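**Student:** Given next are the chains, with one letter for each unit.
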Amino acid sequence: MDALPTATAAVLDRDGLQALIEALAARGFRVCGPVVRDAAIVYDEISGVADLPAGWTDRQAPGRYRLERRADQALFGFAAVPQAWKRFLHPPVETLWRVRQGEDGMLFSSAVETAPRYAFLGVRACDLRAIAIQDRVFCADDCRDDAYERRRRDAFIVALNCSEAGDTCFCVSMGTGPRAEGAFDLALTELLDASRHEFLVEVGSAAGEELLAGLPRRTATEPDRAAAASVVARTAGRMGRSLETAGLQELLESNPEHPRWDEVAERCLACANCTMVCPTCFCTTLEDHSDLSGGSAERVRLWDSCFTLDFSYIHGGSVRQTDKGRYRQWMTHKLATWFDQFGSSGCVGCGRCITWCPVGIDITEEAAAIRATPHIQGGDHG
Amino acid sequence: MRTKPRLAVWKFASCDGCQLSLLDCEDELLSLAGAVEIAYFAEASSAMEDGPYDLSLVEGSVTTAHDAERIREVRRQSKLLVTIGACATAGGIQALRNFADVNDYLAVVYASPRYIETLATSTPIAAHVPVDFELRGCPINKVQLLEVIAAFLAGRKPAIPTYSVCIECKRRGNLCVMVQGTPCLGPVTQAGCGALCPGCRRGCYGCYGPMETPDTAMLARQWSAMGVASRDIRRAFHSFNAWAPAFREEGEAHDD
Ligand code: SF4
Ligand code: SF4
Ligand code: SF4
Ligand code: SF4
Ligand code: SF4
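Chains A and B, in that order, give the protein sequences. Going by full-length UniProt numbering, the letters in the first sequence line up with residues 1 to 382, in that order. Going by full-length UniProt numbering, the letters in the second sequence line up with residues 1 to 256, in that order.
Calculated from the structure, these hints are not laboratory results. Everything numeric in this text was worked out from a predicted model, so none of it was measured. We put the beta carbon where it would ideally sit given N, CA and C, even for glycine. A portion of the hints provided could be inaccurate.
As the list claims (entries may be wrong) - Pairs of lysine to aspartate or glutamate, EDC-like flavour, derived with a Cα cap of 16 Å:
| # | chain 1 | residue 1 | chain 2 | residue 2 |
| --- | --- | --- | --- | --- |
| 1 | B | 142 | A | 146 |
| 2 | B | 157 | A | 287 |
| 3 | B | 4 | A | 287 |
| 4 | A | 324 | A | 253 |
| 5 | B | 142 | A | 253 |
| 6 | B | 157 | A | 253 |
To be verified - Some residues of chain B that are not near chain A, with every Cβ distance over 12 Å (derived):
| # | residue |
| --- | --- |
| 7 | 32 |
| 8 | 127 |
| 9 | 232 |
| 10 | 254 |
Can you make the complete structure from the sequences, with help from the hints?
**Tutor:** Here you go:
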């Protein structure tokens with residue numbers, strides 16, 4: 001996906017969007033986008049505009065999610081969906097290799113299945129940044145994940161400038177949205193009012209430009225662009241919450257014994273939901289399974305979390321025995337040590353960890369509480 | 001040729017569901033029979049050979065004086081003893097008697113209770129003899145059972161995680177019913193079932209017992225904030241794994 005210098009743009013109506021989905025499918029992509037399932041809006045395979053959640057929205061709050069009707073027929077009138085594109089690019093369960101006993105020794109074979117070429121429709125600003133962050137994790141020269149890189153390279157990304165922010169969104173604070181910036185092929189902004197239902201499409205790559213050229217569309221005018229800009233501005237003004245990031249890394253790294261960690265540990269279940277739904281969390285564990293006959297075995301990789309005891313297990317026991325140590329690991333990694341490791345924040349402000357925490361623990365509130373009474377020093381990392 | 005390890009399967013107070021999970025391993029039963037000698041399995045075969053056994057799978061809890069003696073003999077005859085299921089591991093649903101007067105139950109259930117000889121409690125196997133590994137579940141998951149047996153045969157540690165059901169739930173891509181308004185025990189329950197109930201839009205019932213670091217008090221607080229009555233919180237914790245300490249204590253903290 002080579003970035004283009006020109007901000008080529010066009011306007012599609014609903015039929016144009018349908019043509020976009022069909023064109024992607026015709027090029028061999030498995031097109032995935034938002035659909036309604038199990039009283040939520042989730043990402044799944046789609047075959048046309050009719051699959052999209054027209055007229056649906058979500059109401060999110062700490063530890064709470066409800067699907068609701070909208071007054072209009074918006075197709076993208078909702079906030080971050082329960083699980084991000086991580087599921088597709090970094091699958092939760094993946095068999096890496098198999099081995100069997102051959103006549104002359106052990107025979108290893110790769111078990112990584114060839115993934116379909118995905119086209120993602122509606123990659124929100126925060127999720128686009130999250131993908132870029134996972135790219136740095138999995139496509140680094142010294143520890144490359146070939147399967148991830150292949151899936152990523154093959155993916156066609158239709159980004160989305162958010163027209164709706166949820167109560168748990170805080171991308172503005174993180175500098176990650178609501179305008180989609182980064183590597184995309186096309187980016188949509190939904191333009192919906194009493195007089196029209198259209199989509200401004202901006203081009204981000206040669207592949208995007210080529211695809212757009214074949215769609216029924218009209219050229220974007222200055223007022224179209226202005227309308228799209230005001231959609232984004234309106235969303236930016238509706239952030240559910242905010243996180244003060246100035247000096248945050250230093251603040252967290254110098255407060256390992258702040259009493260707030262004990263307080264949040266009282267509430268935290270160590271259930272790991274926050275890490276599972278976080279679009280940047282990348283940790284995995286390995287399970288080796290041998291069969292009953294002892295003739296073959298396989299290695300499986302599964303999403304893991306720093307909230308489990310096994311995660312920090314070294315000879316003799318787990319390093320992080322307490323919920324306090326584990327919650328602190330998660331939050332400090334997201335907001336502080338991620339800078340040391342990958343040169344950016346590990347949080348894009350999508351709010352998923354807040355909405356999908358069964359007890360509604362809010363990372364922005366926890367950070368604010370430490371900021372309110374900082375500089376309580378200590379060194380025990382128990 | 002190496003002699004095959006000898007396997008025994010024992011039943012104590014239980015519903016047979018866990019042994020059925022073993023028989024349910026249709027495709028794998030032949031390889032199992034190839035890998036071990038089934039020396040004792042009264043429920044499923046005529047195999048009733050004497051010990052010693054290399055691996056004993058024990059289903060059920062101890063509810064009679066006779067069984068309390070029998071489990072000692074099983075232990076003496078077994079190199080490795082693995083309990084299978086909530087009864088053997090936590091006392092099972094029948095451990096509800098531990099919270100009441102067993103004679104009251106007897107009077108309700110049996111026409112002639114005087115013929116029943118039973119202990120006042122239902123207790124897990126580990127309360128009587130040392131146990132080498134406890135496989136959770138009500139009933140157990142056959143994939144996990146095969147994993148334990150395969151690990152035993154290979155002399156490796158079984159890959160049986162002790163973290164929460166939530167991790168399996170999220171891997172599976174379930175929507176969290178708890179966040180959508182249905183009380184769920186998943187955050188304090190050990191994984192193993194593959195998040196079956198949330199996958200069917202139900203809250204977790206806690207079949208696999210307490211996870212490694214169960215914060216039952218906080219979960220109960222959240223349930224109560226969701227409008228669950230004290231009595232129902234007590235009942236949720238006091239089911240198949242009522243006698244597992246974390247669930248026992250949390251249930252007792254709520255009025256009936
Ligand atoms: S830490 Fe929370 S808000 Fe930040 S990216 Fe992860 S899930 Fe989203
Ligand atoms: S927060 Fe925990 S699970 Fe997420 S990336 Fe960091 S260590 Fe891994
Ligand atoms: S955090 Fe920002 S980019 Fe993400 S869904 Fe909310 S408004 Fe959109
Ligand atoms: S912060 Fe919430 S989601 Fe994360 S482990 Fe704790 S209780 Fe679970
Ligand atoms: S549905 Fe239950 S098991 Fe699944 S994530 Fe939510 S609380 Fe955990």
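**Student:** Now tell me, hint by hint, if it's right for this structure.
**Tutor:** The hints, checked one at a time:
| no. | hint | verdict |
| --- | --- | --- |
| 1 | B:142 - A:146 | violated, 33 Å |
| 2 | B:157 - A:287 | holds, 10 Å |
| 3 | B:4 - A:287 | violated, 26 Å |
| 4 | A:324 - A:253 | holds, 15 Å |
| 5 | B:142 - A:253 | violated, 45 Å |
| 6 | B:157 - A:253 | violated, 37 Å |
| 7 | 32 | violated, 6 Å |
| 8 | 127 | holds, 24 Å |
| 9 | 232 | holds, 17 Å |
| 10 | 254 | holds, 18 Å |
Going down the numbered hints, you'll see the structure goes against 1, 3, 5, 6, 7, while the others check out.
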